[in-house]
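*Asks:* What follows is the residue order along each chain.
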Amino acid sequence: MSRKKSKSVAATLTTATCALLGTTSTTPVNAQEEDEWELDTALLYYNEDGNRVQDISFKMLANRNFIDDRVLSLSLGVDSLTGATPIGAIPFAGPQTFTSPSGNQVRTAPPGEIPLDPSFLDTRVALTANWQQPLGRLSSFNAGLSASSEYDYLHLGANFKLSRDFNKRNTTVSLGLAFAADELDPVGGAPTPLTPMLDVDDLSNRMGNQNKDVMDVVLGVSQIINQNLIMQFNYSFSSSDGYLNDPYKIVSLVDPVTGDPVPRIPTPGVDGPSHEYRFESRPGERTKHSLFGQAKYYMNGKVLDASYRYMTDDWDIDSHTVDVRFRWPIGDRSYLEPHFRYYTQTHANFYRTSLDSSLPLPPHASADYRLGEFDAITLGLKYGWKTESGNEWSARLEAYSADGSVPANLLIGSNQGGLEMYPDLDAIIAQFSYSFGW
Amino acid sequence: MKKLNTIASALLVAGLAGLSGCSSMGVEPWERDIMAKDEMQLTSDPLEAAIDDHIYFSKEASSGGRGFGGGGCGCN
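Chain order of the listed sequences is A and B.
Quick note: the first sequence uses our numbering, first residue 1, plus one each step.
Quick note: the second sequence uses our numbering, first residue 439, plus one each step.
Certain hints may be false.
Taking CB as the label site, the calculated pair distances span [as the list claims (entries may be wrong)]:
1) B/Met463 - A/Asp69: 23 to 29 Å
2) B/Ser462 - A/Pro134: 25 to 31 Å
3) A/His320 - B/Ser462: 29 to 35 Å
4) B/Trp468 - A/Leu336: 28 to 34 Å
5) B/Trp468 - A/Ser405: 34 to 40 Å
6) B/Ser462 - A/Ala158: 36 to 42 Å
7) B/Ser462 - A/Ser405: 46 to 52 Å
8) A/Tyr434 - B/Trp468: 16 to 22 Å
Derived DSS-like pairs: lysine-lysine, alpha-carbon spacing no greater than 25 Å straight-line [to be verified]:
9) B/Lys475 - A/Lys161
10) A/Lys302 - A/Lys386
11) A/Lys302 - B/Lys475
Note that these hints are calculated values from the structure, not bench results.
In this text the structure is predicted, and so the values were computed from the model without any measurement.
Every residue, glycine too, gets a C-beta built ideally from N, C-alpha and C.
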C-alpha cells in the first residue's frame, strides 16, 4: 500500500513537472508502473514460555494497483497453533482432575500449578479482499470482505470506509464501518454458562453452536502538520452481542474458610472432575470506546512513530497502550528499528479467580486471565534492508512479558494468599518478511 | 455514563480545535517529498500491523484503535 502511494505521488509530480516544462508526460511508463502486484509476505514464530501457546504462521498481503488510484488488496493468513493454555481453575496443593473440552476423557493437573488445558491445537485460515475506489478528486471509498475458519470457529465480515481530503489534501477525514457475524462450534458443544463441569460422556449441559455479532465504527482525522510531522486521531466504537464466553474456561468453586476447591465425587465407575468447577459466564453484550492518537516525525532520515490508545468498556475494563518505534537508517539501503510497547488494563467487573461455595452464584463470572488486571511490556528490534531492485527484506525479534495480580478482595479463605494465582505470560515473537513487486 | 460524557467532551474540544486549526497547518503540494516516503505512511508496514493486532487481540482485553477491532478469531 505504502509503496503504491509513493509511486502515485511520484507519478503525479512527474506529470506536474512535465506540464510546467511544457513537455508530454510519459503516460505508458506510468501505466506500466501502476499496473503491478506488490506482495508483502511474512513468516511468524510466536512462542510462550512454559510450553504454553506456540504459533507458526504464514501471512501474505497482495496489492494490485490500477490507474486512477484504484487498488485491489487480497490477504491470506495460515496459523498453526499448538500448546497449552490456562483454563481458569485456581492452583491447589493437591492434584486436580478435569474433564476435557470434548467430554470424553479426563486430565490431571499436578499439585501447586496453575491448571492448563494441553489440548490446544488449531489451524486457522484467514482471507480478506478489499477494493479502493476514488470518488471524485478528493474522496475515496473502500469496501472489503473477510472470512476466517478454525476447527471450532467461523468468521464472516464486511467493512466499508469513506475518506475525504480537505485543506490542499493536508487533512483527511474518514468514517469506517465493519460488521462481523461469527459462529462458535466448540468441541463437544458450547457449555451453558455457570453449569458444572460434568463426568466423562455427560454432555447434558452443552448447547451446540452459538453466534456472536460485532459492529465497529471508526471515525478518523489525519493531519499533515508540516513537512516533517503527520498526526492521526481516531475514535472507535465497538458493540458485540451473542455468546461472548470462552467455551473452554471454568471457575473453581471454593470453601469459604480455606479457599481450597470443593471436592467432588464422580459417579461410581465413571471418570470425572475431582473438584467443583463452573463454566464461565460473561454478559451477552459488550460496548467498547477507544481513542487513538499517533504522530510520525521525520528527523533527517530517522523516523519517530509514537502512538497512544485509551480504551474503556461497559465491563469496566480500562486500558492504556503506548507504542513507540524509532527507525534509524544505516547507509542508503538498510535500517534498524527498536520498538517499545507498554500496555496496562484493569479487570472486568465480573472477573473472579474463584467462587465462594456458600453463596449463590453471581450472574456473571470469569477467571480468564485476559480479563484480569495486568501490565505488559514488549521490547523488540527490527532490521530491514532493500535490494538493488527495490525489494525489501526484514527480520524482527520481540519479547512480550505480561505480569498480572489478583486484587486482595477477590481472594477467598485462608490458603489463597500464598498461591501464585495469576498466570503471568512471557512470549517471543520472531518474524521474517519479504516484500517484492511482481 | 460519566466516562462517556468525558469522551464526548474531549472529542468535541478536539474536533473544534481541529477544524479551526487545521486550515492553517500543512504543506504545499510541492513540499510533500518527505510525506510521500514509505516510512512516513501512518501504517508503513500493514502486514506487521495486522500481525501485532492479532497477537494482542488474543492476549489482551483491548483491540482496534488504529483500525477495526472486531471479531474474527476464536482466541478471545
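*Asks:* Against each hint, give a clear statement of whether it holds in the structure.
*Replies:* Evaluation of the provided hints:
no.: 1; hint: B/Met463 - A/Asp69: 23 to 29 Å; in the structure: 24 Å, holds
no.: 2; hint: B/Ser462 - A/Pro134: 25 to 31 Å; in the structure: 27 Å, holds
no.: 3; hint: A/His320 - B/Ser462: 29 to 35 Å; in the structure: 31 Å, holds
no.: 4; hint: B/Trp468 - A/Leu336: 28 to 34 Å; in the structure: 31 Å, holds
no.: 5; hint: B/Trp468 - A/Ser405: 34 to 40 Å; in the structure: 55 Å, violated
no.: 6; hint: B/Ser462 - A/Ala158: 36 to 42 Å; in the structure: 38 Å, holds
no.: 7; hint: B/Ser462 - A/Ser405: 46 to 52 Å; in the structure: 48 Å, holds
no.: 8; hint: A/Tyr434 - B/Trp468: 16 to 22 Å; in the structure: 34 Å, violated
no.: 9; hint: B/Lys475 - A/Lys161; in the structure: 24 Å, holds
no.: 10; hint: A/Lys302 - A/Lys386; in the structure: 16 Å, holds
no.: 11; hint: A/Lys302 - B/Lys475; in the structure: 12 Å, holds
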